[in-house]
Structures are given as C-alpha cells and as structure tokens.
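> Each chain is listed here by its residues.
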Amino acid sequence: MKTKRILFLSSYIALALLFVFDLIMLFCIASMKEEARFTGGVVLDPSAQDERPTETPTTMPGVTVAGFSSLTIPPDVDAIAIDLYNPAENNGYYYMTFELRLLDESEQGYEVLFKTGYVAPGKHIYQVTLSHSLPAGEYDAQLLIQPYRMRDLSPTNNVSAAVRLKVK
Amino acid sequence: MKKRNLVLFGSAAMLSLVLAGSIGAVTAFADQTLSSGGTTEGTVQITYQQDNAWTVTIPDSMVIGTAAKVSASDVSIENSTTLKVTVSSDNYSGGWKLKSDNGSGDKTIDYTLKAASDESGLTSAPALEDNGTVLEVKAGTVTGEASIKGEVSGSPATGEDPYSDTLNFSVEVVDDAA
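Protein chains in written order, with this note's numbering: chain A, 1 to 168; chain B, 1 to 178.
It should be emphasised that the hints constitute simulated quantities derived from the structure, not laboratory data. Just to be clear, a hint being listed does not mean it is correct.
As the list claims (entries may be wrong) - Chain B regions said to be covered by chain A (calculated; three or more residues, Cβ under 8 Å):
1. 120-131
2. 143-149
What the hints assert, rightly or not - Per label pair, the in silico range of CB-to-CB distance:
3. H132/A - S76/B: 15 to 23 Å
4. S76/B - N91/A: 21 to 29 Å
5. I24/A - P162/B: 51 to 59 Å
6. T123/B - H132/A: 50 to 58 Å
7. A48/A - S76/B: 52 to 60 Å
8. E78/B - R151/A: 47 to 55 Å
9. S47/A - S117/B: 28 to 36 Å
10. D161/B - D104/A: 32 to 40 Å
11. T112/B - V42/A: 57 to 65 Å
Predicted model, so just to flag it, every value in this text is computed and none were measured. The C-beta atom is built at its ideal place from N, Cα and C for all residues, glycine as well.
Please model the complete structure; the sequences and the hints are all you need to start from.
Here is the structure:
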C-alpha cells in the first residue's frame, strides 16, 4: 500500500516537472519567434554586444609638468615643506617622480637631496626629507621630473629644471 | 540558582564598565601629561618659498617624421628674465642618434632635430645641436609654444629592431642681460 502511494506520488511529481519544463520551453520558443519577427527571421546571438571603446589612445598626449626655478628653505633642517605635484591633465596617462640634485664637483656632478616615489595625477607632495640639512647659503640644484606611462611604467621624455636653492 | 546567575552576570557587567572607564581615564590623563609641562612637543612651522613657477608640456616620445608640440603656460617669472626650454639627449654624440633597444644598443640611426615657433617653419629651421633652444617665453608672457620634429639623416633602419631616443628637456630662467 505504502509502495503504491510512493509510486503514485513519484509519477505525479514527474508529470508536474515535465509540465513546468514544457511551459518554459514554450516561453523560450515564443520569445525567439518574437525576436525573429523584428530581425527579419534571423535569431541574433544574445552574447553579441557593442564594440568596446579602446582604453588607450593610439597617440599619447603630451606630458604636463609643473615646476619652479627658485626654492627657499630654512637652514639646518632636513624635513622641509614643498609643493611638488603631478598636474591633473596627466590623469589616466602618466605617473611622475621628483628628484632634487645638489650640483657639486663630484664625478657624477651632483648628489641627490631627495627622490619621491610615483606621484599620481592630481596628487601633491607637501613634505620631503633631505639626505642632509644644508647650512645657510645659495646653491645650484636641478629638479629632475621623470614621467612614467601608467600602462607599463616605461619612462617618457623628461624635464630637468635648473633651480636656485636658497637656504636662509 | 537563577537569582545567583543574575547576580553574577550583573557583577561581571559592572566590572567591565568600570574597567573600560578606567582605561579611558588613563588615556586622557596621559594626553594631559604629554601636553603640559616637561618636554613639550608642539607644531614647528617650516616655511618654504617657490618662485619663478611655470608649467611646460613636452611630447611623451618622439616619432621620427612627426612634429610634436612643446608648450609653456602659467609662466610667472621675475621681470627681465626669460623662461628657456632646451633639449638634449644622452645618446647625442656628434649628432642625434636613435639607438637599438635590443642587445648592446650599438646599432644607431642618425637623425636631425629641428624646432620652430610653428610646424610650417620646421622645413626652413636650422638643425638643433645638443642643448639647443626649443622655446623661449619672456617675463610678462604667460604662454608660449613651439614645434619640434626629427628626421632620419643617416641610413634607414635595418631588420626589425626598435630604435629610440629619450629627450631631456631642460627648463631654466635666465636673465635677459645674459
């Protein structure tokens, strides 16, 4: 008796599932026919989509660099306030590093006072720590601004600014 | 039993509250101690000044045979001075050279570099030497623009090696009297 009941129930469930499946199939076919009616009888691939816009332009824009030719800082301190920034015009294209070189008589011709890491477009560096403090006086320095392409961090042409460093 | 548990729970809660309050009080006290008497750390005003500011736009890279723009804007420099932009290259040796990016870079291609106030003037412009002047903007003039262009002057490239040169643009404010 119990077995009969189970069998009956299973059959009923199977029939119900089959019925639901048929309904779903009918709905899908109807949708495709409706679509075909508007596409001249051709059923389009639903995964096809609009062409994706290229993310990187074929020609890179120029690199915008902001700098100065005179910098005054206090003597005998190595933490100095400054304003170095990567202009927002470079957004999406270039990072930038800044390196201040104190010109001297060494073989290399300079010593590095500080070098920043990559600065993103629109960002500022407001404080740097010098490799050593400087006594009062005026010095010839060079600010090397090196841009890097965001897509692969390759260096671009760069800018070197002659800076008169006034320590007073 | 229930009453005992309630008492125990209530005592634990009270103890936690008291402990939390104590920690807060100690912190406040520590702050007060640091901010008064003894060795005081305050804010040191470190001043700086940046003068003779400018913005320049340079080409990302040079494509031989294609003119590129070099421009200056927001030029704010002392009277009787000129913002001068010059160009140089580490590859320069008796002339401008593209170097092969593969191997030791001993394969080179000579090229000439020219600059003019606009693209139409490039044809008749003289060839630049190392540290040649690309653009000058006098004090009182906020903007300036020039075109530069490289042309192959030696043997054309052989094989499929990529050749390139990195240009260094130097920016300097010079006295007009100099």
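> Hint by hint, say whether it matches the structure.
Hint by hint, here is what the structure shows:
1. 120-131: It is violated: at least three residues are needed, and the region 120-131 of chain B offers just 0 whose Cβ sits closer than 8 Å to chain A.
2. 143-149: Coverage by chain A is violated for the region 143-149 of chain B (0 residues, Cβ < 8 Å).
3. H132/A - S76/B: 15 to 23 Å: With Cβ atoms ~31 Å apart, the hint is violated.
4. S76/B - N91/A: 21 to 29 Å: Holds - the Cβ-Cβ distance for S76/B and N91/A, about 24 Å, lies within 21 to 29 Å.
5. I24/A - P162/B: 51 to 59 Å: For P162/B against I24/A, whose Cβ atoms are near 57 Å apart, the range 51 to 59 Å holds.
6. T123/B - H132/A: 50 to 58 Å: 51 Å, holds
7. A48/A - S76/B: 52 to 60 Å: 55 Å, holds
8. E78/B - R151/A: 47 to 55 Å: Hint violated: Cβ distance 39 Å, outside 47 to 55 Å.
9. S47/A - S117/B: 28 to 36 Å: Given a distance of about 54 Å, which is not inside 28 to 36 Å, the answer is violated.
10. D161/B - D104/A: 32 to 40 Å: 38 Å, holds
11. T112/B - V42/A: 57 to 65 Å: Given about 58 Å between the Cβ atoms, the range holds.
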